[in-house]
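Each step along the sequence shown adds one to the number in numbering that gives the first Met the number 0, with nothing skipped, and position 71 is 70.
In silico BS3-like links for lysine-lysine, alpha-carbon gap of 27 Å or less:
| id | residue 1 | residue 2 |
| --- | --- | --- |
| 1 | K9 | K20 |
| 2 | K45 | K9 |
| 3 | K9 | K21 |
| 4 | K62 | K20 |
| 5 | K21 | K62 |
| 6 | K21 | K45 |
| 7 | K62 | K45 |
| 8 | K20 | K45 |
Simulated DEER-style distance windows between Cβ atoms:
| id | residue 1 | residue 2 | range |
| --- | --- | --- | --- |
| 9 | A22 | V51 | 18 to 24 Å |
| 10 | R38 | M70 | 19 to 25 Å |
| 11 | K9 | A73 | 17 to 23 Å |
Derived by calculation from the structure, the hints in this document are not laboratory data.
Glycine is no exception: its CB is placed at the ideal position from the N, C-alpha and C atoms.
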Amino acid sequence: MARTFNLDTKLRPSSLLARAKKAAFENGATLLGDERSGRFSHDMAKGEYHMVGQTVVVTVTEKHWLLPWPMVEAQLRELIR
Numbered sequence: 000m001a002r003t004f005n006l007d008t009k010l011r012p013s014s015l016l017a018r019a020k021k022a023a024f025e026n027g028a029t030l031l032g033d034e035r036s037g038r039f040s041h042d043m044a045k046g047e048y049h050m051v052g053q054t055v056v057v058t059v060t061e062k063h064w065l066l067p068w069p070m071v072e073a074q075l076r077e078l079i080r
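Please take these sequences and the hints and turn them into a complete structure.
Listed below in C-alpha cells is the structure:
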C-alpha cells in the first residue's frame with residue numbers, strides 16, 4: 000500500500016537534494032533524480048518524490064512490513080528540516 004507525504008520546507012531545492020543524497024549514501028540507499036523529481040530505493044522502502052513550490056511530495060510505493068508508517072514520516076520530516 001502506497002502512502003504520500005506532503006512536506007513543507009524552507010530549504011532551497013539544491014540544498015535539500017544534497018542533504019538527501021548524503022543521507023541515501025550513508026544509509027545504503029539509491030537516490031536518482033534532480034531538484035524537481037526522482038526516485039529512491041532501499042531494502043526497507045522504495046518510492047518517488049517531486050517538488051511543488053516549497054513542498055516536497057514523497058510517495059512511498061513499497062515498504063518493509065516491520066517499518067511503521069509513523070517512523071517513515073518522522074525520518075522524512077527530519078530530512079527536510
